[in-house]
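2 protein chains.
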Amino acid sequence: MAKQKPRTLSGFMELLPANQTQFERMAELLRKSYSLYGFTPLDTPIIEASEVLLAKAGGETEKQIYRFTKGDSDLSLRFDLTVPLAKYVALHYAELSFPFRRFQIGKVYRGERAQRGRFREFYQADIDVIGDGKLDIVNEAEIPAIIYQTFTTLGLKRFQIRVNNRKVLNGFYAMLGLTGKAGDVMRTVDKLPKIGEDKVREILMDEEIALTGEQADEILKFISITGSNNNVLHALEEYKGRHELFDQGLEELNTVVKYLGSFGVPEKNFAVDLTIARGLDYYTGTVYETFMTDHPEIGSICSGGRYDNLAEYYTDKQLPGVGISIGLTRLFYVLEEQGYLNDGLITAPADVLILPMTDDLSPAIAFATQLRAAGVRAQLYTEQKKFKQKMTYADRLGVPYAAFLGEDEIAQSKVSLKDMRSGEQSLLTIDEAVNAVLGTVKANGDAAPIQEPAGS
Amino acid sequence: MAKQKPRTLSGFMELLPANQTQFERMAELLRKSYSLYGFTPLDTPIIEASEVLLAKAGGETEKQIYRFTKGDSDLSLRFDLTVPLAKYVALHYAELSFPFRRFQIGKVYRGERAQRGRFREFYQADIDVIGDGKLDIVNEAEIPAIIYQTFTTLGLKRFQIRVNNRKVLNGFYAMLGLTGKAGDVMRTVDKLPKIGEDKVREILMDEEIALTGEQADEILKFISITGSNNNVLHALEEYKGRHELFDQGLEELNTVVKYLGSFGVPEKNFAVDLTIARGLDYYTGTVYETFMTDHPEIGSICSGGRYDNLAEYYTDKQLPGVGISIGLTRLFYVLEEQGYLNDGLITAPADVLILPMTDDLSPAIAFATQLRAAGVRAQLYTEQKKFKQKMTYADRLGVPYAAFLGEDEIAQSKVSLKDMRSGEQSLLTIDEAVNAVLGTVKANGDAAPIQEPAGS
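Going down the list, the sequences are from chains H and S. If you read the first sequence in my numbering, its first letter stands for residue 14, the second for the next number, and so on. If you read the second sequence in my numbering, its first letter stands for residue 14, the second for the next number, and so on.
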């Protein structure tokens, strides 16, 4: 028969079992971490009616959409989890309680140009809190705690959450009489880490944005306010009383910083950073970015902010919210590439590989059943192979234990348990064997999927 | 601004938070249950190249495919998890260890005619064991144990796993000289529960299949062999020695039944059923179906079997396997419809809703942080609302506990904890409150998502 060459589309991540197991552990910890903060899981369709999904979209995004017809229907694959959330909240408004807190971890699709580390199908892991009409500032203050908890749970230690407030920025630009130009200015200032201060000043003063030298200097002075959170907040006090929006933003920023300690976020993992603007005009209050201390070049690994109107394309209801998103597929790719995945994590499909040595398999099967009842992942290996091949299989899977049941063991109601890492083999009662393995299972269950490379 | 009416496509399940939480619990328990048997998680793309995905397909399936072009690429959405598995194993053959045991829980797409209880996007939850060249019969014997463990873990008690063997069937038809007609005959016999014995006999003897009355009677006699497993196996012994394939199948069936006890499967949840054939020609050994005792009309909720060649469209390698599949979306729909979902399960996004009664929120936030550190899901409610509205919110979410922190509580380093179900309120130390809630969290963690209706 003619064979079809098997292949996976480029831009689509398909992992081998060990990596997939690490990925699953990360997703599981995200679910757990988000749940601790009172977010409910949601799962919306991957396909939506195009006129619904693209009610707002345009420009770059629209070009990347996977859009097609099926029968009479014009359909599109979701390109993020925010638009489906807006649809969901507008559609089910009457059945939801507000503030509505949801997390969603799901695949989204963008037909980007294929290149290394860019994905066309990728997971996003989002949380959002949606208010009905109003939403208290404490929700914004809590976000750094969630980011901190999440990455700490994953095993990352050297990272920093950077926070700013769009009202502080917009208020500041209003003081300078630059409200109409604030968007352009912020997009330019956003490029500061990449292009440097001189180039930013130049763009700010070019034909298009056309600031005066004085205005450009004021802006550069403002965004050069750095140092400890107290220093930055103190420096911002100087601008107080000149514009209402600024004052409101500063109060919000003070509230966010004030509660950090109670939320359990260490100072070193958090910084007020006036250069953070988030390109989108969408955001209206606190904005967040998160950087790996040793790999700032990767960019923000968790971003988001406060917005005033989630679902204006679907409903007249005012639905303000705050949310963050982790690009999980890209993050996983980067972590693997940078050697941040914990090699000590057991990625084998089983904790014990059971190798029966007798024709009657009943004792081996009963042992497997006991292990499973105790919560141990057990695999029976009954293929007709030479002993050496069986051990090669155990090695390749990376199982922490192999168990042998021969005539002798069965006669004594015991099992020979081999610790595959130390090579040590012991003759144990069934209960002793179960307990020995359970210790390893427990330790592995507590192990984090990320381990920072030594010396970083 | 003109609004776009929000809607979700028909045939696409989109659950409200409480139901979604129940669904997630089911998916989580499936992952756990499959893992106990040594299956590794896999996640393949939802989109594949059409020529790869449709290498085999044809007829009904092909019509249902979501197929489209993007740029120069002819793409299709997967319609099951088996074809992507075949592709995966053929593609990554050199990097996998065999037997290769994987589970996958993922969405698949079929553009079926929309009707109640039919879904176009739905989850399948599959496990498969793939051998390289050969695969031991014990893998087939283990499948009923996995089905039993899985449904028992979900909370279902009244179900039966029915098993047959295609070699027994094919061997029997060979004895009657009906090998060429075995497919037609089995498809007809498959209809027995729906159309009855007389109608089956009629179809078997009509122009198309054209059996003699004697042959038809032999078949009806054969498939009417029922009773305890021992009775059925004993009756089958009568046919022994007449055809090699039959004898081999009977030996396999005996092996499957022999190990049931060691695998922990109770007799009452298992039956050898000679009418089970599974329509597909794909299966070659043991075949499985699973029925809810009180709702046989729903059909099999978990089916599968042994096959000889997983990936013949992609590779010359002989890759025999055995697998089962649960249609999770449909199962969930049915369970909800039949009142099988456990209403006692906590479906609120949080275990404790914290209601601060002071301006300074630090103590309330610190309490939330302590709860979360202990593994309790805690939500702060800080919106400016009347007390009654706050309690309505707590009620609607269904949180088991509300916690109040006023001046008095804070002065004593205590918290007022209200059990929302009993209505009881107690003034407790922080540790006491954490422990009280942890008890509920633990009990809920052990609760099953399915609860059979009383009297069934």
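Keep in mind that the hints are not guaranteed to be accurate.
When chains are identical, the list treats them as one kind, so a pair holds in a single copy or across two.
[To be verified] Once the Cα atoms are required to be at most 27 angstroms apart in a straight line, the calculated DSSO-like pairs of lysine-lysine come out as: (1) LYS253 <-> LYS194; (2) LYS69 <-> LYS212; (3) LYS403 <-> LYS271; (4) LYS18 <-> LYS69; (5) LYS212 <-> LYS271; (6) LYS212 <-> LYS170; (7) LYS271 <-> LYS76; (8) LYS170 <-> LYS455; (9) LYS253 <-> LYS427; (10) LYS76 <-> LYS281; (11) LYS18 <-> LYS147; (12) LYS427 <-> LYS455; (13) LYS147 <-> LYS204; (14) LYS399 <-> LYS147; (15) LYS69 <-> LYS83; (16) LYS281 <-> LYS427; (17) LYS207 <-> LYS18; (18) LYS281 <-> LYS212; (19) LYS398 <-> LYS330.
In short, the hints are calculated from the structure, not lab data.
* **Hints breached by this structure** => Failing hints, ascending: 2, 5, 6, 7, 9, 10, 13, 16, 17 and 18.
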